[in-house]
Amino acid sequence: MTEVRFYHLQRRTLEQALPKILEKVLERGWRAVVLAGSPERVDALNQHLWTYDPSSFLPHGAARDGFAAEQPVWLTAEEENPNGATVLVLVDGVTSDAMGSFDLVCDLFDGNDGEAVLAARDRWKVCKAAGHSLTYWQQNDRGGWEKRA
87 MTEVRFYHLQ RRTLEQALPK ILEKVLERGW RAVVLAGSPE RVDALNQHLW TYDPSSFLPH
147 GAARDGFAAE QPVWLTAEEE NPNGATVLVL VDGVTSDAMG SFDLVCDLFD GNDGEAVLAA
207 RDRWKVCKAA GHSLTYWQQN DRGGWEKRA
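Quick note: to get my numbering, add 86 to the position in the sequence shown (first position is 1).
A hint or two may mislead.
No more than 16 Å apart at the CA atoms, straight line, and that leaves these computed lysine to aspartate or glutamate pairs for EDC-like [claimed, not checked]:
id : residue 1 : residue 2
1  : K110      : D189
2  : K211      : D183
3  : K214      : E126
The following label-pair restraints were derived from C-beta to C-beta distances [what the hints assert, rightly or not]:
id : residue 1 : residue 2 : range
4  : T181      : E101      : 18 to 24 Å
5  : E166      : A130      : 15 to 21 Å
6  : Q102      : Y222      : 17 to 23 Å
7  : R97       : D208      : 31 to 37 Å
8  : R207      : R150      : 16 to 22 Å
9  : G200      : G229      : 19 to 25 Å
10 : R97       : S141      : 30 to 36 Å
11 : R150      : A216      : 20 to 26 Å
12 : P140      : L112      : 17 to 23 Å
13 : D178      : D139      : 36 to 42 Å
14 : S141      : A216      : 20 to 26 Å
I should point out that these hints are in silico values taken from the structure, not numbers from a laboratory. All residues carry an ideal CB built from backbone N, CA and C; glycine is no exception.
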């Protein structure tokens, strides 16, 4: 059974939250695939992860970088897992038919966008019906996460 965590972004943007979540993934010695909504979004996230914090380094790559099997974090708009990841991070409201092949799935959605919230609720229902273990995380006033369900 896959653990699926829904992250309700309200106080920080995806661009602020994603690097922190990926840092936690790497701290645990895991690998991740980040599934985005388009190749253009992959390019933007790839560039952002190189520059989000001048004092840190978050190793990652995408198709243009190559060496997929060696990348601890792989950014893609395709259903793939070329780096043997156990964590799947979903952004832009995307879904994956391969969720069951990961140990952990993180679904990040914009809580300030009503349509994104409704779509996340629908994804929650689908995941619950599929028998996944679900948790819901909301940002607190300090920018951290609180488990709500």
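Results for each hint:
no., hint, verdict
1, K110 - D189, "holds (15 Å)"
2, K211 - D183, "holds (15 Å)"
3, K214 - E126, "violated (31 Å)"
4, T181 - E101: 18 to 24 Å, "holds (21 Å)"
5, E166 - A130: 15 to 21 Å, "holds (19 Å)"
6, Q102 - Y222: 17 to 23 Å, "holds (19 Å)"
7, R97 - D208: 31 to 37 Å, "violated (24 Å)"
8, R207 - R150: 16 to 22 Å, "violated (35 Å)"
9, G200 - G229: 19 to 25 Å, "holds (23 Å)"
10, R97 - S141: 30 to 36 Å, "violated (22 Å)"
11, R150 - A216: 20 to 26 Å, "violated (33 Å)"
12, P140 - L112: 17 to 23 Å, "holds (18 Å)"
13, D178 - D139: 36 to 42 Å, "violated (22 Å)"
14, S141 - A216: 20 to 26 Å, "violated (40 Å)"
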